[in-house]
Amino acid sequence: MHGIRVEGLEKRFGARLAVSGLTFEVKPGEVFGLLGPNGAGKTTTVRMLTGLLQPSAGRASVCGVELPLRDDGVMLRRKVGLLTEQPGLYDRLTARENLEFFIRLNEVDWTSAWALARGLLERFGLGGREDEPVGGFSKGMRQKLAIVRALVHSPEVVFLDEPTSGLDPLSGRVVRDAIAELAREGRTMVLCSHNLPEVERLCSRVAVVKSTLRTVASLTELRREGLALDVLVEGEGAAWVRALDALPFRVVAQPEGSRLRVLLDSEAQAPDVITCVVTAGARVTAAHRAARPLEEAYLELVREEAEAP
Amino acid sequence: MSFSVARALAIFRKDVLELRKNRGLVWSMLTLPLVIVVTPLGVVWAYVRNPTDSGVKALALYYDLSVDLSNAARFLVDKVLADWFTIYLVMPVFVPILISSHAVAGEKEKRTLEPLLASPVTPLELVVGKSLASLVPSVAVCLLAFSLLCVGVDVVAWPLAHELVLPNRMWAFGVLVIAPLFAFFGNGVAVLISARVGDSRLAQQLSGLMVLPLVGLAAGQFAGWLKAGLGYYALIGALVLCLDVAIVVAARRLFDRERLMSRWG
Chain A
1 MHGIRVEGLE KRFGARLAVS GLTFEVKPGE VFGLLGPNGA GKTTTVRMLT GLLQPSAGRA
61 SVCGVELPLR DDGVMLRRKV GLLTEQPGLY DRLTARENLE FFIRLNEVDW TSAWALARGL
121 LERFGLGGRE DEPVGGFSKG MRQKLAIVRA LVHSPEVVFL DEPTSGLDPL SGRVVRDAIA
181 ELAREGRTMV LCSHNLPEVE RLCSRVAVVK STLRTVASLT ELRREGLALD VLVEGEGAAW
241 VRALDALPFR VVAQPEGSRL RVLLDSEAQA PDVITCVVTA GARVTAAHRA ARPLEEAYLE
301 LVREEAEAP
Chain B
1 MSFSVARALA IFRKDVLELR KNRGLVWSML TLPLVIVVTP LGVVWAYVRN PTDSGVKALA
61 LYYDLSVDLS NAARFLVDKV LADWFTIYLV MPVFVPILIS SHAVAGEKEK RTLEPLLASP
121 VTPLELVVGK SLASLVPSVA VCLLAFSLLC VGVDVVAWPL AHELVLPNRM WAFGVLVIAP
181 LFAFFGNGVA VLISARVGDS RLAQQLSGLM VLPLVGLAAG QFAGWLKAGL GYYALIGALV
241 LCLDVAIVVA ARRLFDRERL MSRWG
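So the protein sequences, as listed, match chains A and B. Per my numbering, residue 1 is the first one in the first sequence, and the count goes up by one each step. Per my numbering, residue 1 is the first one in the second sequence, and the count goes up by one each step.
In case anyone wonders, no lab produced these hints; they're calculated from the structure. Some hints could be false.
As the list claims (entries may be wrong) - Ranges of calculated distance between the beta carbons of each label pair, as one might list FRET restraints:
1) A:Gly135 / B:Leu241: 38 to 46 Å
2) B:Trp45 / A:Gly127: 55 to 63 Å
3) A:Gly186 / B:Glu109: 50 to 58 Å
4) A:Gly127 / B:Leu254: 37 to 45 Å
5) B:Leu144 / A:Gly119: 53 to 61 Å
6) A:Gly127 / B:Val43: 42 to 50 Å
7) A:Arg12 / B:Leu30: 24 to 32 Å
8) A:His194 / B:Leu32: 45 to 53 Å
9) B:Arg253 / A:Ser61: 47 to 55 Å
10) A:Leu17 / B:Gly231: 54 to 62 Å
Unchecked claim - Cross-link-like lysine-lysine pairs, in silico, DSS-like; alpha carbons within 30 Å at most:
11) A:Lys139 / B:Lys57
12) B:Lys21 / A:Lys139
13) B:Lys21 / B:Lys110
14) B:Lys57 / A:Lys79
These numbers come from a predicted model, not from an experiment. Positions of the beta carbon are idealized from the N, C-alpha and C atoms, including for glycine.
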């Protein structure tokens with residue numbers, strides 16, 4: 001099994017630079033998150049890595065196939081599966097006919113591919129609905145069918161754009177379990193998502209993109225990149241937010257129940273924060289460093305980029 | 001570039017299946033042939049009903065001063081059928097336009113293009129599969145319409161002609177050689193325009209303009225300015241063959257995955 005290796009990948013549409021300076025590696029069997037705000041270049045990146053767009057500069061290797069492609073890319077596309085942002089199904093056709101079409105396009109063994117498809121349909125709660133026109137399916141059913149379509153030819157690398165979009169919590173969990181299981185089988189999964197809790201549950205590492213690559217890190221590393229102090233007080237933490245104005249430096253306070261989370265610029269600020277709250281009259285029961293939620297780390301990275309000239 | 005017949009056939013099968021399930025499109029496909037078959041039957045019937053009518057003779061003289069007036073009705077039957085072939089040619093142009101506009105630009109509207117292009121299908125297989133899915137039903141409809149026209153004309157004209165009027169050499173050549181060339185042209189134009197505009201209705205409207213030259217030719221014929229016959233249609237066929245070659249060259253340039261994704265994706 002091969003993974004993905006990307007070196008200095010760039011894409012221009014005329015004079016417009018869509019994405020540049022992408023360098024990262026995804027190991028076989030890894031679930032890798034590709035994060036970034038809308039228009040950050042995630043879809044363009046995925047399109048380059050699936051051979052739909054040729055890179056303007058840089059190079060990559062996907063499943064052992066080198067990019068830019070030197071041929072028509074049939075070999076690459078046999079090895080990758082793509083779940084697009086929109087399910088993109090043929091509404092007049094039944095679920096079976098939709099899947100049958102893609103099985104034929106991939107020229108894989110019909111019996112084993114259909115057995116795999118049926119298994120996935122059963123797992124996703126679509127068993128027995130194979131012969132219904134897709135036009136009558138709910139958004140969630142369409143999304144699940146599109147996932148089955150992306151997997152029906154047993155690809156080595158699977159790109160999933162918002163896989164649980166439109167799914168109810170139970171279906172979302174079924175899909176997440178399936179993604180984790182596919183990764184355990186050795187498939188490489190690239191997840192484009194705005195659903196950060198989902199990314200936290202599934203991905204081991206992420207790349208944050210906003211036209212350029214902001215960072216590639218494990219989730220643990222990403223959370224550690226900033227400092228947060230949790231001060232636990234008697235009563236409501238919100239009551240002591242104003243007290244922090246007395247500090248000679250600026251901090252961001254996030255009260256939640258009896259917890260007052262304070263985002264710091266440096267570790268040296270922690271004693272001053274605790275002293276400040278105690279001086280204001282708070283009864284502090286505990287104080288400890290906290291892991292930042294992924295959302296904060298992500299927003300900070302994206303904000304930095306937005307503020308850059 | 002590799003070419004897989006299996007993948008092109010998969011596209012063909014899928015598009016035909018979608019067409020069969022799109023009743024609105026099927027009915028609009030069948031309306032034009034119905035008009036093209038029924039209209040000349042009415043005209044032939046009018047000539048056969050009153051072959052000695054002075055109006056019929058006057059009309060025959062308008063077209064040809066040397067006409068044998070005892071056979072004026074038969075002359076007009078042959079004349080209207082020769083001229084009508086130009087109108088018949090609207091069908092092999094227009095029916096593929098109806099199908100191809102849906103099949104090609106429709107992929108963008110339904111957001112199915114990206115998953116399709118992410119599969120191993122090559123742009124050439126895509127064009128061949130989709131063109132077959134447009135051409136095969138179109139040619140079948142044209143042949144069916146021609147068969148109905150032959151039966152209808154022969155039944156209606158029998159009291160006058162006492163022989164089979166259709167098929168004749170000109171119509172047989174036209175239906176079997178020229179109509180497929182026109183169908184290829186209509187399909188090619190619709191595919192190319194769809195690749196540029198990516199909206200099936202706009203593609204249909206723009207492609208539909210391609211029938212205007214045929215309407216102009218027909219008007220010239222009915223006005224007596226142009227004389228239709230085997231040589232005349234062979235010349236038109238040769239011209240369309242050249243246009244078909246140009247379409248193939250343009251399609252090879254336009255249909256690459258990157259261009260389709262940038263424009264449609």
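Hint-by-hint comparison with the structure:
1. A:Gly135 / B:Leu241: 38 to 46 Å: Given about 41 Å between the Cβ atoms, the range holds.
2. B:Trp45 / A:Gly127: 55 to 63 Å: Distance hint for Trp45 of chain B, Gly127 of chain A holds at roughly 60 Å.
3. A:Gly186 / B:Glu109: 50 to 58 Å: Given about 38 Å between the Cβ atoms, the range is violated.
4. A:Gly127 / B:Leu254: 37 to 45 Å: Since Gly127 of chain A and Leu254 of chain B have Cβ atoms about 42 Å apart, the given range 37 to 45 Å holds.
5. B:Leu144 / A:Gly119: 53 to 61 Å: 44 Å, violated
6. A:Gly127 / B:Val43: 42 to 50 Å: Check failed, 60 Å falls outside 42 to 50 Å.
7. A:Arg12 / B:Leu30: 24 to 32 Å: The hinted range 24 to 32 Å is violated for Arg12 of chain A and Leu30 of chain B, with Cβ atoms some 48 Å apart.
8. A:His194 / B:Leu32: 45 to 53 Å: Distance hint for His194 of chain A, Leu32 of chain B holds at roughly 49 Å.
9. B:Arg253 / A:Ser61: 47 to 55 Å: 30 Å, violated
10. A:Leu17 / B:Gly231: 54 to 62 Å: 59 Å, holds
11. A:Lys139 / B:Lys57: 68 Å, violated
12. B:Lys21 / A:Lys139: At roughly 22 Å apart (the allowed maximum being 30 Å), Lys139 of chain A and Lys21 of chain B satisfy the hint.
13. B:Lys21 / B:Lys110: 16 Å, holds
14. B:Lys57 / A:Lys79: Since the Cα atoms of Lys57 of chain B and Lys79 of chain A sit roughly 74 Å apart, the hinted pair is violated (cutoff 30 Å).
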